[in-house]
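*Asks:* The chain contents come next:
2 protein chains.
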Amino acid sequence: MASEGGRRGRGGAGGGREARRASRQSGAVTTAKYITRNIPFTEVCSEEQLEIIERNADTVLAEVGIEFRDDAEVIDLWKKAGAKVEGERVRFEKGMLQELIKTAPSQFTQHARNPAKSVEIGGGNTVFAPVYGPPFVRDLDQGRRYGTIEDFENIVKLVYSSTYLHHSGGTVCEPVDIPVNKRHLDMVYAHMRYSDKPFMGSVTAPDRAEDTVAMCRLLFGEEFVDQNCVVINLINANSPMVFDETMVGALKVYARANQACIVSPFIISGAMSPASVAGTLTQALAEGLAGCALTQLVRPGAPVVFGMFSASMSMQSGAPTFGTPEPALILTAGAQLVRRLGLPFRSGGSLCGSKIPDAQAAYESAHTLMPAVGAGVNFMLHSAGWLEGGLVSSYEKLIMDADQLGMMQRYAQGVDVTEEGQAMDAIREVGPGKHYLGCGHTNRNFETAFYQSKVADYGSFEQWESEGALDTAQRANNRWKKLLAQYEAPEIDPGVEEALKAYVAEKKAAVPDASY
Amino acid sequence: MASEGGRRGRGGAGGGREARRASRQSGAVTTAKYITRNIPFTEVCSEEQLEIIERNADTVLAEVGIEFRDDAEVIDLWKKAGAKVEGERVRFEKGMLQELIKTAPSQFTQHARNPAKSVEIGGGNTVFAPVYGPPFVRDLDQGRRYGTIEDFENIVKLVYSSTYLHHSGGTVCEPVDIPVNKRHLDMVYAHMRYSDKPFMGSVTAPDRAEDTVAMCRLLFGEEFVDQNCVVINLINANSPMVFDETMVGALKVYARANQACIVSPFIISGAMSPASVAGTLTQALAEGLAGCALTQLVRPGAPVVFGMFSASMSMQSGAPTFGTPEPALILTAGAQLVRRLGLPFRSGGSLCGSKIPDAQAAYESAHTLMPAVGAGVNFMLHSAGWLEGGLVSSYEKLIMDADQLGMMQRYAQGVDVTEEGQAMDAIREVGPGKHYLGCGHTNRNFETAFYQSKVADYGSFEQWESEGALDTAQRANNRWKKLLAQYEAPEIDPGVEEALKAYVAEKKAAVPDASY
Chain E
1 MASEGGRRGR
11 GGAGGGREAR
21 RASRQSGAVT
31 TAKYITRNIP
41 FTEVCSEEQL
51 EIIERNADTV
61 LAEVGIEFRD
71 DAEVIDLWKK
81 AGAKVEGERV
91 RFEKGMLQEL
101 IKTAPSQFTQ
111 HARNPAKSVE
121 IGGGNTVFAP
131 VYGPPFVRDL
141 DQGRRYGTIE
151 DFENIVKLVY
161 SSTYLHHSGG
171 TVCEPVDIPV
181 NKRHLDMVYA
191 HMRYSDKPFM
201 GSVTAPDRAE
211 DTVAMCRLLF
221 GEEFVDQNCV
231 VINLINANSP
241 MVFDETMVGA
251 LKVYARANQA
261 CIVSPFIISG
271 AMSPASVAGT
281 LTQALAEGLA
291 GCALTQLVRP
301 GAPVVFGMFS
311 ASMSMQSGAP
321 TFGTPEPALI
331 LTAGAQLVRR
341 LGLPFRSGGS
351 LCGSKIPDAQ
361 AAYESAHTLM
371 PAVGAGVNFM
381 LHSAGWLEGG
391 LVSSYEKLIM
401 DADQLGMMQR
411 YAQGVDVTEE
421 GQAMDAIREV
431 GPGKHYLGCG
441 HTNRNFETAF
451 YQSKVADYGS
461 FEQWESEGAL
471 DTAQRANNRW
481 KKLLAQYEAP
491 EIDPGVEEAL
501 KAYVAEKKAA
511 VPDASY
Chain P
1 MASEGGRRGR
11 GGAGGGREAR
21 RASRQSGAVT
31 TAKYITRNIP
41 FTEVCSEEQL
51 EIIERNADTV
61 LAEVGIEFRD
71 DAEVIDLWKK
81 AGAKVEGERV
91 RFEKGMLQEL
101 IKTAPSQFTQ
111 HARNPAKSVE
121 IGGGNTVFAP
131 VYGPPFVRDL
141 DQGRRYGTIE
151 DFENIVKLVY
161 SSTYLHHSGG
171 TVCEPVDIPV
181 NKRHLDMVYA
191 HMRYSDKPFM
201 GSVTAPDRAE
211 DTVAMCRLLF
221 GEEFVDQNCV
231 VINLINANSP
241 MVFDETMVGA
251 LKVYARANQA
261 CIVSPFIISG
271 AMSPASVAGT
281 LTQALAEGLA
291 GCALTQLVRP
301 GAPVVFGMFS
311 ASMSMQSGAP
321 TFGTPEPALI
331 LTAGAQLVRR
341 LGLPFRSGGS
351 LCGSKIPDAQ
361 AAYESAHTLM
371 PAVGAGVNFM
381 LHSAGWLEGG
391 LVSSYEKLIM
401 DADQLGMMQR
411 YAQGVDVTEE
421 GQAMDAIREV
431 GPGKHYLGCG
441 HTNRNFETAF
451 YQSKVADYGS
461 FEQWESEGAL
471 DTAQRANNRW
481 KKLLAQYEAP
491 EIDPGVEEAL
501 KAYVAEKKAA
511 VPDASY
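Those protein sequence lines, which keep their order, are chains E and P. The first sequence finishes on residue 516 if you use the working numbering, and the numbering steps up by one all the way, no holes. The second sequence finishes on residue 516 if you use the working numbering, and the numbering steps up by one all the way, no holes.
Just chain E, with the same shape it has in the complex (with noise of 0.2 Å):
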């Protein structure tokens, strides 16, 4: 990490240092620390296995290739780097990928405007983000309906008073009320403004990115920006093995930038992809190979981080399916694959195709979250929040989810063998027929001993009933107005507050509003 002093806002005296300070004072707001795994990862390909499909991606990747679609400065890269380009097909050398992403980190520090809620990505860490990219929002009072800006704004909130989002995320959904040019100026400025943790920049445009760019060193100093990753942005593939001009584009801005880029195959399995879980990882692999060194072409040791994103496919319907087996275990193989690879990885989240917030949405989502956390995934993107196959951005699942992701958080700790965890006083106390709800070490160990839900409903059935027999749902929904009545905006250096306000005045003010 650099020095405190590298990173300050360039408006007031002290800058971002100040704003730290009142941060860390502003009290009820607490947040974990990104977990740091306790458990051995898990697995589900053997060696063997693993083999098999590395040699087939190298397969791909020689015979095949890859496509980088309407960036004449990329093909020019990939020739002097010495693979082969016939137009806009591009082909590799077995090994030469592995070898370019020598360069990257294969552990780095997102750092947040708050040091406390920095993030160390890659390793045996996992950092919970929300979702992202929901044109839609849903919640039990106004139902499904397009996002604004308040909504976004509401999210961001949300998250940041969660204590096991470790991340504010980035599109947490579409503000369709604001033109989509300049939508990115006020999504970034709201992360900076309404949370103190870590968050995503625009990758619509190269000069949307350019912008995020440019605001993060208003927040953090230009000089600490160049040396320290303050951002990360997500950069998608088309597959199958097709890298467009957008993506391509912003991935250059925040390479050269020295911010970190997640390389993103988001796949269909069936469509976008071979119907079967092997093809998949196959493709998957190829693709994330060329675009993680790529980053290294235009800027080596920039951080990034190798992600699968894979869901599977209704026979019925040809819609993705999420929560399905074929998608843990590609997740779960693709963190074996990258692990190897010694790069960070991202998959996972609380992924699922129902419409609303009901046991489907909870069994999809928890049979995507558990195995990316068994998995080791290190940056998981829509951790909470995801509904509708990432259609709909829902207030009352973001509650939900989070309350699972503290869950995680407890379960990837591990089992505690310190003395006071064996408890062996305890056994000895107790003896025979007898309980242990009054014995000293109960007594010292009872209000952390288990994790304790604040959205399970845990008394008795009469308890319940008397109660108003709410739903989950329902109480998510009482829950996050609490929260959302009870906020208080994170404390920020006022010439910081005014300079990122001038920079997106200025911005808005230059074009007109435009639809793409």
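Among these hints, one or two may not hold up.
[As the list claims (entries may be wrong)] Far from chain P, some chain E residues (derived; all Cβ distances over 10 Å): (1) P105; (2) D226; (3) E364; (4) Q486; (5) K501.
[As the list claims (entries may be wrong)] Coverage of chain E stretches by chain P, computed from C-beta distances (three or more under 8 Å per stretch; other residues unrestricted): (6) 50-59; (7) 65-78; (8) 276-286; (9) 421-428.
Since the hints were derived computationally from the structure, they do not count as laboratory data. Beta carbons: idealized from backbone N, C-alpha and C, even for Gly.
On the provided structure of chain E, position chain P as indicated by the hints.
*Replies:* Chain P alone, transformed into the frame defined by chain E:
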């Protein structure tokens, strides 16, 4: 396995053999073979952590000991085996119990009357059995109410109709409309008549266990039963560190008859064990070792399953809580410990505390089921239908959970790396920027490539809304009604059926009704 000839009902000529042939022909219902895993076991403890717990369990057994209450015969067995006995307290030298359990099989077959549905318990196998024990039932139409024999039979029929429940289970609900001292006869009969899957026997009194064995002899033939396991039985410890007369009485009956016992510490951590994961594991290991070893004193070689059932506890209400991280750690570490003993392991299920089949129920169930499958649980009771901390057997949740079991069955198959699984022909055929929907590999694999849920909704939002915007429980409600309407009982040899009916009638007539 014994020869088929040995398993013959004493009823008509040909007995069981004809029944089996008929059953095989009865058609429509398919049951998946029990799971034989093709993925590694998930682990949460290191060798060092396991050794600490094992050492502590040895200390508990040597210093604190276990109480066996009101059973002079058992105390005598322990004395003869060399344990240190003081009154009802029995203490064990280090290693004594580990030595005794060596005569128990590490894996055994539980035979079903339909041999195609016999299950292998132990090793890399997992067998799913439904919920056990609830006094109440719940469905969306009639709400929560006491269970009846009609409910019991309905649930047996639904489990029979389920592809992924490999086992008919035992007390799928308490039929409270039948006197306590007679209902075991109707329950065992229902499993034998309305299903052809393996099942569980009565443990609520030694003579009810004797009835179970007697009925098994009618169904399978005396000689076959003496040499083979045809019924499995749940023997709970009274944690902490007590076995009572009732449970030990049933254990003795079944072990003597060479039938399988599941010896399970049933623990709410913080009340019945220390408020810590390692402390609970230590106590459960000690209790289970003593109970499992006892089966081997009764009849060396009798099949026995080491069980662990644990819940955490709510700080607010003192209620047991499920689907929380601590029980997941306990069951996974428990599987590691029991694997080292060389015994089959029972734990897990689709446990939850929720009052209704909503998101809480699904999150909690998934966060028990998935770790249990990962851990390699061999016999998984409560795999489907459990609600409200085990007080309620839910028609809808049975359907919803069974769907998840199908996902787990697929997940445990792991990654197919056959040539067809690798799908290199598809990647070569399609190439960059195209789609896989019509390619040869997809056409060959489309129907089986991905698990297809029968409960989840995968349609568009508009389609889902036009179909009534049903939630998961409502869809499950439709499905169980359809399955019950379609149900056809598997055929049975008429002579065997008559003999079973006569036994039940005779035993019921012999004593007055009693409520204990």
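*Asks:* Which numbered hints does this structure break?
*Replies:* Per hint list: single violation, 3.
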